[in-house]
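There are 4 protein chains.
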Amino acid sequence: MKNTFGTSVALTLFGESHGEMIGAVLDGLAPGIAVEEAAIEAALQKRRPQGAVSTARREQDPFRIVSGVFNGKTTGTPLCILIPNENKKSRDYEATRFLARPGHADYTANEKYHGFQDYRGGGHFSGRITAALVAAGAILQSALREKGIRIGSHVKALHGILDREFSDIEADLDRLAPMPFPVLDAAAAEKMQEAILTAKAECDSLGGILECIVTGVPAGVGEPWFDSVESLLSHALFSVGGVKGIEFGTGFDMANRKGSEVNDDFRMENGKVITATNRNGGINGGITNGMPILFRLAVKPTPSIAKQQQTVDFSAMENADIAIEGRHDPCIVHRAAAVAEAVTALVIADLLAQRFGTDWLKGA
Amino acid sequence: MKNTFGTSVALTLFGESHGEMIGAVLDGLAPGIAVEEAAIEAALQKRRPQGAVSTARREQDPFRIVSGVFNGKTTGTPLCILIPNENKKSRDYEATRFLARPGHADYTANEKYHGFQDYRGGGHFSGRITAALVAAGAILQSALREKGIRIGSHVKALHGILDREFSDIEADLDRLAPMPFPVLDAAAAEKMQEAILTAKAECDSLGGILECIVTGVPAGVGEPWFDSVESLLSHALFSVGGVKGIEFGTGFDMANRKGSEVNDDFRMENGKVITATNRNGGINGGITNGMPILFRLAVKPTPSIAKQQQTVDFSAMENADIAIEGRHDPCIVHRAAAVAEAVTALVIADLLAQRFGTDWLKGA
Amino acid sequence: MKNTFGTSVALTLFGESHGEMIGAVLDGLAPGIAVEEAAIEAALQKRRPQGAVSTARREQDPFRIVSGVFNGKTTGTPLCILIPNENKKSRDYEATRFLARPGHADYTANEKYHGFQDYRGGGHFSGRITAALVAAGAILQSALREKGIRIGSHVKALHGILDREFSDIEADLDRLAPMPFPVLDAAAAEKMQEAILTAKAECDSLGGILECIVTGVPAGVGEPWFDSVESLLSHALFSVGGVKGIEFGTGFDMANRKGSEVNDDFRMENGKVITATNRNGGINGGITNGMPILFRLAVKPTPSIAKQQQTVDFSAMENADIAIEGRHDPCIVHRAAAVAEAVTALVIADLLAQRFGTDWLKGA
Amino acid sequence: MKNTFGTSVALTLFGESHGEMIGAVLDGLAPGIAVEEAAIEAALQKRRPQGAVSTARREQDPFRIVSGVFNGKTTGTPLCILIPNENKKSRDYEATRFLARPGHADYTANEKYHGFQDYRGGGHFSGRITAALVAAGAILQSALREKGIRIGSHVKALHGILDREFSDIEADLDRLAPMPFPVLDAAAAEKMQEAILTAKAECDSLGGILECIVTGVPAGVGEPWFDSVESLLSHALFSVGGVKGIEFGTGFDMANRKGSEVNDDFRMENGKVITATNRNGGINGGITNGMPILFRLAVKPTPSIAKQQQTVDFSAMENADIAIEGRHDPCIVHRAAAVAEAVTALVIADLLAQRFGTDWLKGA
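Protein chains in written order, with the numbering used here: chain S, 1 to 364; chain A, 1001 to 1364; chain Z, 2001 to 2364; chain U, 3001 to 3364.
No lab work stands behind these hints: they were computed from the structure. Incorrect hints may appear among the rest.
Unchecked claim - With a straight-line Cα cutoff of 25 Å, these simulated SDA-like cross-link-like pairs (lysine to any residue) come out:
{"hint": "1", "chain 1": "Z", "residue 1": "Lys-2307", "chain 2": "U", "residue 2": "Asn-3278"}
{"hint": "2", "chain 1": "A", "residue 1": "Lys-1191", "chain 2": "A", "residue 2": "Tyr-1093"}
{"hint": "3", "chain 1": "Z", "residue 1": "Lys-2307", "chain 2": "Z", "residue 2": "Gly-2326"}
{"hint": "4", "chain 1": "A", "residue 1": "Lys-1307", "chain 2": "S", "residue 2": "Gly-326"}
{"hint": "5", "chain 1": "U", "residue 1": "Lys-3307", "chain 2": "Z", "residue 2": "Leu-2099"}
{"hint": "6", "chain 1": "A", "residue 1": "Lys-1073", "chain 2": "U", "residue 2": "Phe-3356"}
{"hint": "7", "chain 1": "A", "residue 1": "Lys-1073", "chain 2": "A", "residue 2": "Pro-1084"}
{"hint": "8", "chain 1": "Z", "residue 1": "Lys-2191", "chain 2": "U", "residue 2": "Ser-3260"}
{"hint": "9", "chain 1": "S", "residue 1": "Lys-307", "chain 2": "S", "residue 2": "Gly-326"}
{"hint": "10", "chain 1": "Z", "residue 1": "Lys-2307", "chain 2": "U", "residue 2": "Ser-3260"}
{"hint": "11", "chain 1": "A", "residue 1": "Lys-1073", "chain 2": "Z", "residue 2": "Pro-2292"}
{"hint": "12", "chain 1": "Z", "residue 1": "Lys-2073", "chain 2": "S", "residue 2": "Phe-356"}
{"hint": "13", "chain 1": "S", "residue 1": "Lys-307", "chain 2": "A", "residue 2": "Arg-1267"}
{"hint": "14", "chain 1": "Z", "residue 1": "Lys-2073", "chain 2": "A", "residue 2": "Tyr-1093"}
{"hint": "15", "chain 1": "A", "residue 1": "Lys-1272", "chain 2": "S", "residue 2": "Lys-73"}
{"hint": "16", "chain 1": "S", "residue 1": "Lys-191", "chain 2": "A", "residue 2": "Pro-1084"}
{"hint": "17", "chain 1": "U", "residue 1": "Lys-3272", "chain 2": "Z", "residue 2": "Leu-2099"}
{"hint": "18", "chain 1": "A", "residue 1": "Lys-1272", "chain 2": "S", "residue 2": "Asp-321"}
{"hint": "19", "chain 1": "A", "residue 1": "Lys-1073", "chain 2": "Z", "residue 2": "Gly-2121"}
{"hint": "20", "chain 1": "S", "residue 1": "Lys-272", "chain 2": "A", "residue 2": "Gln-1308"}
{"hint": "21", "chain 1": "S", "residue 1": "Lys-73", "chain 2": "U", "residue 2": "Ala-3034"}
{"hint": "22", "chain 1": "U", "residue 1": "Lys-3073", "chain 2": "A", "residue 2": "Phe-1356"}
{"hint": "23", "chain 1": "U", "residue 1": "Lys-3272", "chain 2": "Z", "residue 2": "Ser-2260"}
{"hint": "24", "chain 1": "S", "residue 1": "Lys-73", "chain 2": "U", "residue 2": "Asn-3278"}
{"hint": "25", "chain 1": "U", "residue 1": "Lys-3073", "chain 2": "S", "residue 2": "Ser-315"}
{"hint": "26", "chain 1": "Z", "residue 1": "Lys-2272", "chain 2": "Z", "residue 2": "Ile-2169"}
{"hint": "27", "chain 1": "U", "residue 1": "Lys-3272", "chain 2": "Z", "residue 2": "Asp-2253"}
{"hint": "28", "chain 1": "S", "residue 1": "Lys-73", "chain 2": "U", "residue 2": "Arg-3097"}
{"hint": "29", "chain 1": "Z", "residue 1": "Lys-2073", "chain 2": "A", "residue 2": "Phe-1314"}
{"hint": "30", "chain 1": "S", "residue 1": "Lys-191", "chain 2": "S", "residue 2": "Arg-48"}
{"hint": "31", "chain 1": "A", "residue 1": "Lys-1307", "chain 2": "A", "residue 2": "Pro-1084"}
{"hint": "32", "chain 1": "A", "residue 1": "Lys-1073", "chain 2": "Z", "residue 2": "Glu-2094"}
{"hint": "33", "chain 1": "A", "residue 1": "Lys-1191", "chain 2": "S", "residue 2": "Lys-73"}
{"hint": "34", "chain 1": "U", "residue 1": "Lys-3147", "chain 2": "A", "residue 2": "Phe-1356"}
{"hint": "35", "chain 1": "Z", "residue 1": "Lys-2272", "chain 2": "U", "residue 2": "Asn-3278"}
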């Protein structure tokens, strides 16, 4: 189904970096969900490049909702958000169009689209497309919040510098929500930003690990085969450019542990079943257990670097050199937080609508 | 779509551990694919518990193909494989049915199915179901092999013990194919098995990392949104019980690296575009670049351990203790290799059939 | 998705006429639905050839449910029903395998499957496959009935002979339920059967119109685009062999009418909104309005006739003659009633599960 | 998937009659398809109200393609077409918002969307939405034409007045293509238009039968279960407002015929297999046989009529009267031709892309 994801609640994305507009169609929304432009703007602001750790490009995202909202609330029919591309750079992409940027999709896009792809600024592969996704996700996040479900994320690791773990989750989520560089430990945040600036000065870039959490999802949601909660989240998240790994709960460290060290004991607490630990990230057998859903994403260093690299010219089919000019992000991990949250909101909203019906998200 | 996965080539799974049969329906196969029972039996043998590092249970998998094959070849209509459950243990599951085994789906299944689930031996959540998946995958793997595409895997890490990396990939795949404990470095294999036996003696279990490789997939397959190759593989693989993480290429280690360290330079080789390194695991922008697809799975320690654990009785809603009796695998990482390969074959076959049409897999 | 249909509640069909077994996998069922073998047997009996108006073949359908049912109730995991093919005729199909029977799928199957299809007795195209569908549908019909939803059908027309319209719907449904030749007007039934016997004596066959009704579906179910109730019903019903037309409410006769003659006035009745007439068949804008869903299917005459016909041998690629021997149904319209009801049950159950959640069908 | 239809080639629709814009996203297009605005404009013109037999409203459809086209050709990524709603009438919809117009979706929409739907001018249920569909379909029709596949339609019947059958199909298609009132027999066309004007003068409306034909589709496309060609076409076509019936080939008249009268003999012609007649509408067993695909749609009379009707006020829950004011179409059958052709193009393009791969439509 390509550029559409979801079963009961589904998102369709379109647009290219240097086309006229990008946009998203959000379908299957319950009717009656309040759509507040301020919440959308706040999410877009979080994704937007800010400060020296991001690109100097100043993207404007003057979004318009052209369908699916009436009198400030969702109608239940498809909601389309458009974001014009206003700040397109006019430089000549012809000179470099056949030079495959290492780590980018230039070569694979050419193999798939036979040269017809819009090669300017990454085209449909550009991170620009995620602005529409973030706008759509903001609507879902607000609706989920009304049902007691919150989604948040922080940069857990960056070039060896670690943020602290979640402790008081609700308070941590409150703190992270407005941060353009979402890190819980201020000292770690400072070191991370220094590392990014150093990489930038070296004409290089850095990757990192984003940790996401979802609280308030009831137990019993998801499927054993093939739509486990892990399956659906990973499917959607891996389509975000730059994500190269995902792990739930203890994740890869489980390879070093014993069963007794990673099983989560069940316990009664205030008449409710909980787990004493959360090494399985809130999911057993593909199904939520009522604990917070916890996962981490490996986000690769921005592939666009000013350092000289070796590559091929896939038109001439010969070796070539490349040094990527322009204003690029030396790191996108912190900006990816807004995108990961939007994608997570889509998956969770869809799972709940499938489980409890299409009206569930509307609330009381 | 729950127990069905795939678009052009799709698999449906059914059955419970202690029901009459388990089975799989494989749909969308090209007509004319040779179906050799020996290849299916070999794959099932690889999944079957063997030696002291696995359960002492001796599963028989006397599979029968009851549709979709005529004169030894696929017809193009749905192929159904049935595997009767012959060696069901008759012990009383009633006593423990409300005792949530830590790390298992007992509690979450009860929340989802309201007590109607078949709780004997894990029911539909049992690893037993993967036998049908492996049988179906063996047919796909043979067909892919005819088209020059190979899939293999090895235990990359187990309790701190590392296998070597792939070097001569084709030779490595030849060696791994028949191994019940697929490890490239014989010394590492021995240490891993010792570690498993030690854990077993301690009434405990071990997890590990499985590394998979796919060679021969042409460039240009996959989608930017939302069906990236990573997306589809992770979706299908996370539905395999025990998988808690997946990473492609350099994966999580990208968090510690610079862009210049993880970008793969493109180079010409024998008139063909290749990448000098393969840190992106054969995928750029969600689309294959013609290099081997490489990924690793975090497989958790078997949750069934004989050690006493704390839990709840979710019928009485009170705390309880549990020590899981019976013949359990002290480690399933090596047995998961056959399952991961089968799932990978499904995803790759589906991607290729979507890209090149439903007859593609039939070959010349 | 080929041999699987449905979103929340989905059915997968497999098998060939002369293979070992046919079967169906029913997925997405709510847990806790009572599965009564007598109800399944009754539905299969209705589909089975009975009396002189059907084939003299005596099919046995000794079905077995091998998964998804535990202690007499659905578990919520996939339910697989198997029906062995016990009464396979052993005659030689080789002689006629390349002779395209007019009105059958022999030629088109060969174009699609390149000669690898199982050509014996129609293979996967055989009406035999519908036995599995009817068995699965019977489970759904029982569950729907518990929720106040009933499905029934009658032969509305056959060779110019008309049955009366539904009048007291509930009483009519009671009468039709057990009838092997479901016609409301006994005199019409007799004439229809005489017409069939006459056609049979002429080595010919007859078609007819099947009228189906669904009562008790709440208003507000279905989608404007693209999953209207008409869309989903027609999609599923057109895959039943022999169906060549479908119309809802007044249907094709609307071409002869004025708006004022086919609009259904809304009226209040006992505090509830109803329509004074039901010319739109219970559906406005693709969405149920709470009135009975009413539609008619055009079922073509059985294409297997003993009369000599002209055709081609698609192996030799030359003209040929054919007279189809064997025990064939001179009419399948009455037997198609059980199939149409099963398909309708699948669509309605799926729509309701999508609308109200996966537990909806379980009832109180 | 609600407002998205298609597997390999998929269409998503959004918008409301009185919202800011309507639009369509066309995904899965082969790269390199020429996109000519003139062809889109011609299709929109055909759908647009023209002459006294249509509404006096003068819709403008100043479409813009904002993604997926680069240098005049499809890129292979989603193509989004936007059409602003420029000619919105500003009259007050509040007074009538709870008055259920007979034959319309006002009441069912309210049941589904709980009052949050955009009730102005039919909202998302308005025929206005089909403008975006027609624009998208025009692109597909041009691409199909390049592959030798043509789609056309005519008003076969209207209030008892019949058009002639297709004879020289290619010549008939040439004639029909530009006609705003597509009828092959000029005398019939005149009578039909007179009948419409008479109905209009009576404050009433008329329905009719639209007959569609598709030539050039190769044999072997479609599925036995559940994606027969009839299934997919009917699914998509029934979501068009006003369609209440569909029949293929001889269709409902098969109920009056014998097998020998409706079977199509196969014959050799110029070394190719054809059928001597086409009573099955080009489809056997759900799969194309290479003959023209032929079907008819029952289109109901426009429900908006000026005559007084009885209805309910579903807010007050009481009986009421209604006479629908405004400029309404006295008949939409002729305008529906452009819509039916667009929907047909989508289904055929999708089927071919699934069968032969995503590049198939690109052509040489």
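Here is how each hint holds up against the structure:
Distance hint between Z:Lys-2307 and U:Asn-3278 is fulfilled; the C-alpha atoms sit about 19 Å from each other, no more than 25 Å. Straight-line distance between C-alpha atoms of A:Lys-1191 and A:Tyr-1093 comes to about 36 Å, which puts the hinted pair past the 25 Å bound. Proposed proximity of Z:Lys-2307 and Z:Gly-2326 is supported: the alpha carbons are some 12 Å apart, at most 25 Å. Simply put, A:Lys-1307 and S:Gly-326 have alpha-carbon atoms about 59 Å apart, too far for the 25 Å limit, and the pair is violated.
Taking the CA atoms of U:Lys-3307 and Z:Leu-2099, the gap is about 59 Å. The hint is violated against a cut of 25 Å. A distance of roughly 21 Å separates the Cα atoms of A:Lys-1073 and U:Phe-3356; the hinted pair therefore holds under the 25 Å criterion. In summary, the hint linking A:Lys-1073 to A:Pro-1084 is supported, as the alpha carbons are separated by about 23 Å, within the 25 Å threshold. For a cut-off of 25 Å, the pair hint linking Z:Lys-2191 to U:Ser-3260 stands: about 21 Å separates their Cα positions.
For the suggested pair S:Lys-307 and S:Gly-326, the alpha carbons sit about 12 Å apart, so the restraint of at most 25 Å is met. At most 25 Å may separate the alpha-carbon atoms for a hinted pair to count; Z:Lys-2307 and U:Ser-3260 meet this at roughly 8 Å. Annotation: proposed proximity of A:Lys-1073 to Z:Pro-2292 is violated, straight-line Cα distance about 47 Å (limit 25 Å). As the CA atoms of Z:Lys-2073 and S:Phe-356 are separated by approximately 21 Å, the hinted pair is consistent with the 25 Å bound.
This hinted pair checks out: S:Lys-307 and A:Arg-1267 have alpha carbons roughly 17 Å apart, not beyond 25 Å. Between Z:Lys-2073 and A:Tyr-1093, the direct Cα distance comes to roughly 18 Å. Compliance with the 25 Å bound is thereby established for this hinted pair. About 54 Å separates the Cα atoms of A:Lys-1272 and S:Lys-73, which puts this hinted pair outside 25 Å; it is violated. Taking the CA atoms of S:Lys-191 and A:Pro-1084, the gap is about 59 Å. The hint is violated against a cut of 25 Å.
In summary, the hint linking U:Lys-3272 to Z:Leu-2099 is supported, as the alpha carbons are separated by about 15 Å, within the 25 Å threshold. Our distance criterion of 25 Å between C-alpha atoms is met by A:Lys-1272 and S:Asp-321, whose separation comes to about 17 Å. As the CA atoms of A:Lys-1073 and Z:Gly-2121 are separated by approximately 18 Å, the hinted pair is consistent with the 25 Å bound. This hinted pair checks out: S:Lys-272 and A:Gln-1308 have alpha carbons roughly 22 Å apart, not beyond 25 Å.
Using a Cα cut-off of 25 Å, the hinted pair S:Lys-73 and U:Ala-3034 is violated, with the two alpha carbons roughly 39 Å apart. A distance of roughly 21 Å separates the Cα atoms of U:Lys-3073 and A:Phe-1356; the hinted pair therefore holds under the 25 Å criterion. Proposed proximity of U:Lys-3272 and Z:Ser-2260 is contradicted: the alpha carbons are some 50 Å apart, above 25 Å. Restraint check: the Cα-Cα separation between S:Lys-73 and U:Asn-3278 comes to about 51 Å, which exceeds 25 Å; the hinted pair is violated.
Distance hint between U:Lys-3073 and S:Ser-315 is fulfilled; the C-alpha atoms sit about 19 Å from each other, no more than 25 Å. Taking the CA atoms of Z:Lys-2272 and Z:Ile-2169, the gap is near 19 Å; set against the 25 Å cutoff, the hint holds. Distance check on the hinted pair: U:Lys-3272 and Z:Asp-2253 sit about 39 Å apart at the alpha-carbon level, beyond 25 Å; violated. Distance restraint check for S:Lys-73 and U:Arg-3097: the Cα-Cα separation of roughly 17 Å lies within the 25 Å cut-off, and the hinted pair is therefore satisfied.
The hinted pair formed by Z:Lys-2073 and A:Phe-1314 meets the criterion: a straight-line CA distance of about 21 Å does not exceed 25 Å. Pair hint S:Lys-191 plus S:Arg-48 holds up; C-alpha atoms about 21 Å apart against a cutoff of 25 Å. Among the hinted pairs, A:Lys-1307 with A:Pro-1084 is inconsistent with the structure: their alpha-carbon atoms are about 32 Å apart, more than 25 Å. Between A:Lys-1073 and Z:Glu-2094, the direct Cα distance comes to roughly 17 Å. Compliance with the 25 Å bound is thereby established for this hinted pair.
Of the pairs offered as hints, the one joining A:Lys-1191 and S:Lys-73 is violated, with about 62 Å between alpha carbons and a cut-off of 25 Å exceeded. Restraint check for U:Lys-3147 and A:Phe-1356: satisfied, since their Cα atoms lie roughly 17 Å apart, inside the 25 Å limit. For the proposed pair Z:Lys-2272 and U:Asn-3278, the alpha carbon gap of about 48 Å is over 25 Å, so the pair is violated.
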